[in-house]
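Visitor: What follows is each chain in one-letter form.
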Amino acid sequence: MSKLRVGITTLVGLLASFSVFADIGIDEKINLAVKPYSDAVTGFIFSSFPVAGVQIPFVLVWLIIAATIFTFYFNFINLRAFKHGFQLVRGDYHDPKAAGEVTHFQALATALSGTVGLGNIAGVAVAVSLGGPGATFWMILAGFLGMSSKFTECTLGVKYRNTLPDGTVSGGPMYYLTKGLAEKGPNFAKLGKVLAVLFAVFCVGGSFGGGNMFQANQSFAQLVNVTGGEASLMADKGWLYGLVIAALVGLVIIGGIKGIARVTSKIVPFMAVTYVIAGLAIILLNASLVPSAFGAIIAGAFTAEGISGGVIGVLFQGFKRAAFSNEAGVGSAAIAHSAVQTNRPVTEGFVALYEPFIDTVVVCTITALVIIITGTWNPSVDPSAGVQLTSTAFESAFSWFPYVLTVAVLLFAFSTMISWSYYGLKAWTFLFGENRYTDGTYKILFLFFVVVGSSMQLGAVIDFSDAMIFAMAFPNLLGCYFLLPVVKKELNEYWADYKSGRLVKTRNS
Amino acid sequence: MTSVLMVGVDCSDCSERAVEYAAEHARESKARLYVAHVIEWSPFSFSTVEENFERHKRREEELKRAYSDVIDPIVNPLKAEGLNVEGLVRHGHVADTINTLAVENGVTNIILGRQGTTKLKAHVFGSVGSRLVQVADCAVTVVP
Numbered sequence: 001m002s003k004l005r006v007g008i009t010t011l012v013g014l015l016a017s018f019s020v021f022a023d024i025g026i027d028e029k030i031n032l033a034v035k036p037y038s039d040a041v042t043g044f045i046f047s048s049f050p051v052a053g054v055q056i057p058f059v060l061v062w063l064i065i066a067a068t069i070f071t072f073y074f075n076f077i078n079l080r081a082f083k084h085g086f087q088l089v090r091g092d093y094h095d096p097k098a099a100g101e102v103t104h105f106q107a108l109a110t111a112l113s114g115t116v117g118l119g120n121i122a123g124v125a126v127a128v129s130l131g132g133p134g135a136t137f138w139m140i141l142a143g144f145l146g147m148s149s150k151f152t153e154c155t156l157g158v159k160y161r162n163t164l165p166d167g168t169v170s171g172g173p174m175y176y177l178t179k180g181l182a183e184k185g186p187n188f189a190k191l192g193k194v195l196a197v198l199f200a201v202f203c204v205g206g207s208f209g210g211g212n213m214f215q216a217n218q219s220f221a222q223l224v225n226v227t228g229g230e231a232s233l234m235a236d237k238g239w240l241y242g243l244v245i246a247a248l249v250g251l252v253i254i255g256g257i258k259g260i261a262r263v264t265s266k267i268v269p270f271m272a273v274t275y276v277i278a279g280l281a282i283i284l285l286n287a288s289l290v291p292s293a294f295g296a297i298i299a300g301a302f303t304a305e306g307i308s309g310g311v312i313g314v315l316f317q318g319f320k321r322a323a324f325s326n327e328a329g330v331g332s333a334a335i336a337h338s339a340v341q342t343n344r345p346v347t348e349g350f351v352a353l354y355e356p357f358i359d360t361v362v363v364c365t366i367t368a369l370v371i372i373i374t375g376t377w378n379p380s381v382d383p384s385a386g387v388q389l390t391s392t393a394f395e396s397a398f399s400w401f402p403y404v405l406t407v408a409v410l411l412f413a414f415s416t417m418i419s420w421s422y423y424g425l426k427a428w429t430f431l432f433g434e435n436r437y438t439d440g441t442y443k444i445l446f447l448f449f450v451v452v453g454s455s456m457q458l459g460a461v462i463d464f465s466d467a468m469i470f471a472m473a474f475p476n477l478l479g480c481y482f483l484l485p486v487v488k489k490e491l492n493e494y495w496a497d498y499k500s501g502r503l504v505k506t507r508n509s
Numbered sequence: 001m002t003s004v005l006m007v008g009v010d011c012s013d014c015s016e017r018a019v020e021y022a023a024e025h026a027r028e029s030k031a032r033l034y035v036a037h038v039i040e041w042s043p044f045s046f047s048t049v050e051e052n053f054e055r056h057k058r059r060e061e062e063l064k065r066a067y068s069d070v071i072d073p074i075v076n077p078l079k080a081e082g083l084n085v086e087g088l089v090r091h092g093h094v095a096d097t098i099n100t101l102a103v104e105n106g107v108t109n110i111i112l113g114r115q116g117t118t119k120l121k122a123h124v125f126g127s128v129g130s131r132l133v134q135v136a137d138c139a140v141t142v143v144p
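In the order they appear, the protein sequences are chains A and B. Quick note: the first sequence uses our numbering, first residue 1, plus one each step. Quick note: the second sequence uses our numbering, first residue 1, plus one each step.
Only chain A is shown next, with the shape it has when bound in the complex (with noise of 0.2 Å):
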């Protein structure tokens, strides 16, 4: 079977590679030959029923409705455990015989590192230009709420995670769907292992679309936008671009030239945050123009005019943005953070809080902000421009700037590509074994799609990503909803002992 996997891929490649050489509209072609199967796809997922005359997609509902529900079913802990995961990540309770294991901190840098990118970048964007100012109000909003979702799912994440006999951690939405639901009964474990293997399924689909096309897909338009747009010598060659790009992630997934990934781990947070600080410049600079800017993003929230779908629309662009910037709900992070060293996993779900709010509420509220107040948006600009749009707002403050946001961008798709190899490998191996063909397989179909997600226009892509993306919180929340007695019962237990002084504090402030 494996090898029959390993021959079709090995074809498909060269097929790709051959018509690569013979033919310069390869883009075109792969684009059509690609969209057909990703519209077919992303038509399934987003099936929608109609509110007040737009069409919201059931899954997106489906988000929204399950972080409210976690909100309130553990007495919005967002907002209650904030200080005391603060004081988590800080190393306040760090045992020091631990020293040299993953810290809260590592793992929640490592976590926003796969999800802190161009959804902070490119689908801020998008959310603006088709929703207007008053979607960064729903975003804003999705994003506290959500900060709930992720302290659910990463609190399972390292409750079910498997340690294996050569010490190395697994775990994530695969591990908590089946021995979690294994522990309420026999009908429970068949339904565990139902949804687990779903997860998995879209985990895959994930990694190539949001994980790895659309990255591949917003760098290069990036890259063609600097050096020149239409008339520059990069429009036209996706496909080169994807071969490099894919050729560098091959070093590192087929080559294991880890030198690489490590490299671009220890750049990616000073990228991240000369991206805030160049953001709060431009809203220090245009200080007088904030109120005006709240001022439209608040009116626009409920008031939306020229805005396809009026409030509702907005509010769908909001949501839709925010849960594919900061993953909440989707289950990608559990795997993330379950790599942590603590022997309380309700610890993690207190720091997963953070990923939610530097993402969405803090990240994408500052690109958001930098958009409206340089004047970038107006209801008339390309909703298809999407990280040009970003681009072309800083650069209006700073003419350099777009350069910078170019290393930036290239250097947070890498990363996310990186990390999303190895949540989609986690999952190809969870469904078809751990050996070197399986292995070999996931990474050359992989690569494929780095090229394919380079070539096609942004609309299919992006459509395609947010559709194998959502499709993982179907599973993973049912199966979350299922688990929240347990998550309650660590959350209660570990609170108690906070709250009484209990817990060893190791470092005092």
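Check each hint, because a few of them may be wrong.
[Unchecked claim] As a list, the in silico DSS-like pairs of lysine-lysine whose alpha-carbon atoms are at most 25 Å apart:
1) K57(B) <-> K443(A)
2) K57(B) <-> K266(A)
3) K57(B) <-> K179(A)
4) K57(B) <-> K258(A)
5) K97(A) <-> K64(B)
6) K64(B) <-> K258(A)
Treat the hints as calculated values from the structure; they're not laboratory data.
Following the hints, put chain B in place on chain A, whose structure we already have.
Guide: Showing chain B alone in chain A's frame:
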């Protein structure tokens, strides 16, 4: 007060003088002697997803290697001689961690070899010795 000694070591060869000095004192005073080695590590470093999942395994390997390459070659001969010696290895910031280990084990005197860093290097990176002198909760002896 019974004295408890601790000697901080970098590698088995380069800390010879400090170990010699500490062993001499331990022989004379029949004091307990800890041989401590710190693996440079920060809780605030950035890592990849894959590194995180393999971290526990790596850490075990690092500890094992520290014992086999650094601690055992120093501790075993002293033990054979009949001294009350124990090796300790931990991850962390070198000076701060040596002090933590000293406090945990009731050490009264930390012994350290001087590394002979240049002025510039000491300015930029600081030196373990001078940092330890600043933070230590017990006496520190620096062996030239």
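Visitor: Determine for every hint whether it applies to the structure shown.
Guide: Consistency of the hints with the structure:
Of the pairs offered as hints, the one joining K57(B) and K443(A) holds, with about 24 Å between alpha carbons and a cut-off of 25 Å not exceeded. Between the alpha carbons of K57(B) and K266(A) the distance comes to roughly 22 Å, so the proposed pair stays at or under 25 Å and holds. Our distance criterion of 25 Å between C-alpha atoms is met by K57(B) and K179(A), whose separation comes to about 23 Å. Proximity of K57(B) to K258(A) is assessed by CA-CA distance (about 17 Å); at most 25 Å being required, the pair is judged to hold.
Among the hinted pairs, K97(A) with K64(B) is consistent with the structure: their alpha-carbon atoms are about 15 Å apart, no more than 25 Å. Taking the CA atoms of K64(B) and K258(A), the gap is about 23 Å. The hint holds against a cut of 25 Å.
Violation of the numbered hints given earlier is absent; every hint is satisfied by the structure.
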